[in-house]
Amino acid sequence: MMLQGKVVLVTGASRGIGLAIAKALLKEGAKLAITARDPERLGKAQAELEQSGEVLALPGDVADEEAVKAAFMRALESYGRLDGLVNNAGLGLACPVLDTSRADWDRVLAVNATGPFLTCREAVRHMSGNKMGKIVNVASVSGTMGTAMASAYSASKAALIGFTKALAKEVARHGINANCVCPGATDTDMFQKDTLDVLAAKFKMDRAELLKSVLSTVPLRRLLRPAEVADLVAFLLSDKADGITGQVVRIDCGTDIH
0 MMLQGKVVLV TGASRGIGLA IAKALLKEGA KLAITARDPE RLGKAQAELE QSGEVLALPG
60 DVADEEAVKA AFMRALESYG RLDGLVNNAG LGLACPVLDT SRADWDRVLA VNATGPFLTC
120 REAVRHMSGN KMGKIVNVAS VSGTMGTAMA SAYSASKAAL IGFTKALAKE VARHGINANC
180 VCPGATDTDM FQKDTLDVLA AKFKMDRAEL LKSVLSTVPL RRLLRPAEVA DLVAFLLSDK
240 ADGITGQVVR IDCGTDIH
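Taking numbering that gives the first Met the number 0, the leading residue of the sequence shown gets 0, the next gets one more, and so forth.
FYI, nobody ran anything at the bench for these hints, they're computed from the structure. In this text the structure is predicted, and so the values were computed from the model without any measurement. Beta carbons: idealized from backbone N, C-alpha and C, even for Gly. Do not rely on the hints blindly, as some may be mistaken.
[What the hints assert, rightly or not] The calculated lysine-lysine pairs, modelled on BS3-like cross-linking and capped at a C-alpha distance of 25 Å, are:
1) LYS68 - LYS168
2) LYS26 - LYS239
3) LYS192 - LYS43
4) LYS68 - LYS130
[As the list claims (entries may be wrong)] Just the calculated beta-carbon pair ranges, DEER-fashion:
5) GLY128 - LYS168: 18 to 28 Å
6) GLY145 - GLY28: 30 to 40 Å
7) MET204 - GLY145: 34 to 44 Å
8) LYS43 - GLN3: 20 to 30 Å
9) ALA69 - ASP205: 43 to 53 Å
10) ARG73 - GLU208: 39 to 49 Å
11) HIS173 - GLY4: 41 to 51 Å
12) LEU97 - GLY174: 38 to 48 Å
Can you make the complete structure from the sequences, with help from the hints?
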């Protein structure tokens with residue numbers, strides 16, 4: 000197993016890509032600390048995941064600096080070490096620029112960009128002393144290409160990509176690797192409900208036709224599966240990826256080359 004005995008903290012792990020990542024890491028032998036904003040949903044995820052391995056649930060908002068510090072403190076108290084961090088917690092906003100409020104903009108940037116800054120800072124404080132560690136930030140092809148009707152989300156993911164590259168340069172001397180993965184449209188509740196359902200209702204479009212339009216921009220003509228992203232993240236956290244850092248790894252069924 001690629002991650003036998005490794006301790007990894009995964010944010011946004013209660014559903015979708017985050018839950019798939021948690022499952023993949025447990026399958027590879029990791030011990031987990033998982034976070035999410037919704038305590039009830041996080042508890043259900045923990046109950047499911049504990050059937051496969053050791054899981055510590057830490058409810059909290061990644062945009063809350065004190066909550067982030069407390070989560071890392073509890074994880075370190077429980078496990079005594081931290082080998083990896085996966086920043087998956089994210090907030091989408093399907094909305095035209097003219098309808099995007101300042102509050103919505105600020106909230107998306109807080110969760111998707113400031114949150115990873117806060118968690119990475121805490122992780123590096125511990126990892127640098129051990130001269131080792133792996134960080135994987137889950138961005139999006141929206142951050143490399145820009146996505147219409149998702150300006151705040153696109154901006155936040157572009158910020159995360161830039162931050163990851165800068166971080167990788169800064170922490171390499173401490174033996175820490177930092178990379179981004181950029182999924183394309185993925186078959187999750189967040190995509191189905193917060194994107195397709197919202198846009199179909201807003202523009203009075205047939206939902207099936209809207210999905211068909213989305214897939215027309217994807218060379219493989221399908222949505223990505225969460226497990227596919229999870230397997231890539233597991234690899235980047237493993238010793239097999241020791242030579243990979245500062246990279247933006249696209250996994251998007253070809254969207255970025257369309």
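Distance restraint between LYS26 and LYS239, which requires alpha-carbon spacing of 25 Å or less: holds, 16 Å
Whether the CB-CB distance between GLY128 and LYS168 falls inside 18 to 28 Å: At 20 Å between Cβs, range holds.
C-beta pair ALA69, ASP205: status relative to the range 43 to 53 Å that was hinted: Because 46 Å falls inside the window, the suggested range holds.
Status of the given 34 to 44 Å range, CB of GLY145 versus CB of MET204: violated, 21 Å
Satisfaction of hint between LYS130 and LYS68, Cα-Cα up to 25 Å: Satisfied, since the Cα-Cα distance of roughly 21 Å is no more than 25 Å.
Range hint compliance [Cβ, ARG73 to GLU208, 39 to 49 Å]: With Cβ atoms ~47 Å apart, the hint holds.
Supplied distance hint 20 to 30 Å, evaluated on CB atoms of LYS43 and GLN3: holds, 27 Å
Consistency of beta-carbon spacing, GLY4 to HIS173, with hint 41 to 51 Å: Given range 41 to 51 Å: violated, Cβ gap about 21 Å.
LEU97 paired with GLY174, Cβ distance criterion 38 to 48 Å: holds, 47 Å
Given hint LYS43 paired with LYS192 - CA-CA distance at most 25 Å: Satisfied, since the Cα-Cα distance of roughly 20 Å is no more than 25 Å.
Range hint compliance [Cβ, GLY145 to GLY28, 30 to 40 Å]: holds, 38 Å
Hinted pair LYS68 and LYS168, Cα distance within 25 Å: The given pair, whose Cα atoms are some 24 Å apart, holds under the 25 Å limit.
When each numbered hint is compared with the structure, violations occur for hints 7 and 11.
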